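Peer 1: Sequence:
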Amino acid sequence: MLKIGLTGGIATGKSTVSRLFRQRGIPIIDADQIARKVIEPNGKAFAAVREAFPACFDGDRLNRPALGREIFHDDAKRQLLNQLMHPAIREEMVEEMKGYAESGETVVIFDIPLLFEGTMRDLVDYTVVVYCREEIQLMRLMERNGLTKEEALARIHAQIPIEEKKHQADYLINNNGALGELPPQVDRLVNQFRDTKKEGV
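Counting from 1, position 152 in the sequence shown corresponds to residue 157 in my numbering; the numbering is continuous, with no gaps.
Among these hints, one or two may not hold up.
What the hints assert, rightly or not - Dumping the calculated DSSO-like pairs for lysine-lysine here, alpha-carbon to alpha-carbon at most 27 Å: (1) Lys103 to Lys8; (2) Lys154 to Lys8; (3) Lys103 to Lys82; (4) Lys82 to Lys154; (5) Lys8 to Lys82; (6) Lys103 to Lys42; (7) Lys171 to Lys154; (8) Lys49 to Lys8; (9) Lys154 to Lys103; (10) Lys42 to Lys8.
Stated by the list, open to error - Quick list of simulated restraints, FRET-style, between CB atoms: (11) Thr21 to Asp63: 31 to 37 Å; (12) Lys82 to Met6: 15 to 21 Å; (13) Pro166 to Pro59: 31 to 37 Å.
In case anyone wonders, no lab produced these hints; they're calculated from the structure.
Quantities reported herein were computed from a predicted structural model and do not represent experimental measurements.
C-beta atoms are modelled at their ideal positions from N, C-alpha and C, and glycine is treated no differently.
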């Protein structure tokens with residue numbers, strides 16, 4: 006099985022690209038969905054996160070905006086949250102991957118926002134970065150989430166700069182332009198990944 010890591014920066018368009026891959030029949034293992042799962046009551050990371058961030062919980066209910074405000078302005082707290090959640094997320098992702106392998110899939114995409122920041126780079130064979138310039142990233146994030154410029158920049162700067170991710174990527178999808186420019190780029194990669202697998206790589 007060929008394992009592809011899909012990443013980008015916040016508001017660069019990774020979720021749109023992930024959806025396009027899914028529409029073309031490539032299975033997606035979504036780290037964000039799994040992150041929500043492991044922090045639900047009875048989830049693998051729930052007890053540890055609630056103990057570390059009690060002010061962000063109302064009983065068994067996580068107040069996600071409160072958690073966001075707490076971690077995006079405090080590197081130590083953000084790193085603590087990642088340390089508590091990443092092992093559980095990784096375990097769930099590996100289980101999903103094994104399921105796809107057993108069902109005969111030959112290519113799978115790991116959709117991981119913090120692929121380069123975290124500890125999951127070794128799960129994939131190649132990386133794809135969805136890229137746009139930071140000024141476009143900032144504008145999209147402010148419009149999408151209703152954030153001030155300061156709030157949006159705090160979230161952008163909590164990640165590795167998109168220019169650095171661009172240079173770490175094996176493949177790049179350029180999202181500086183219109184949405185209509187994305188499908189042809191995704192189609193080329195889908196064909197390339199399937200051809201690579203046919204060649205036995």
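Peer 1: Would you mind marking each hint as holding or not holding in the structure?
Peer 2: Against the structure, the hints come out as follows:
1. Among the hinted pairs, Lys103 with Lys8 is consistent with the structure: their alpha-carbon atoms are about 11 Å apart, no more than 27 Å.
2. Between Lys154 and Lys8 the CA atoms are separated by roughly 36 Å; this puts the pair beyond 27 Å, and the hint is violated.
3. Between Lys103 and Lys82 the CA atoms are separated by roughly 32 Å; this puts the pair beyond 27 Å, and the hint is violated.
4. Taking the CA atoms of Lys82 and Lys154, the gap is about 22 Å. The hint holds against a cut of 27 Å.
5. Of the supplied pair hints, the one linking Lys8 and Lys82 is violated, its CA atoms being roughly 31 Å apart against a limit of 27 Å.
6. Distance hint between Lys103 and Lys42 is fulfilled; the C-alpha atoms sit about 18 Å from each other, no more than 27 Å.
7. For the hint pairing Lys171 with Lys154, the CA-to-CA distance comes to about 23 Å; that is within 27 Å, so the pair holds.
8. The straight-line distance between the Cα atoms of Lys49 and Lys8 is roughly 24 Å, inside the 27 Å bound, and the hint therefore holds.
9. Pair hint Lys154 plus Lys103 does not hold up; C-alpha atoms about 42 Å apart against a cutoff of 27 Å.
10. The suggested pairing of Lys42 with Lys8 holds, with an alpha-carbon distance near 22 Å, which does not exceed 27 Å.
11. Restraint check, Thr21 to Asp63: a C-beta distance of roughly 33 Å satisfies the suggested window 31 to 37 Å.
12. Checked against the hint of 15 to 21 Å, the C-beta distance between Lys82 and Met6 comes to roughly 36 Å, which is inconsistent with it.
13. Between Pro166 and Pro59 the beta carbons are some 33 Å apart, a value that agrees with the proposed interval 31 to 37 Å.
The earlier numbered hints that this structure contradicts are 2, 3, 5, 9, 12.
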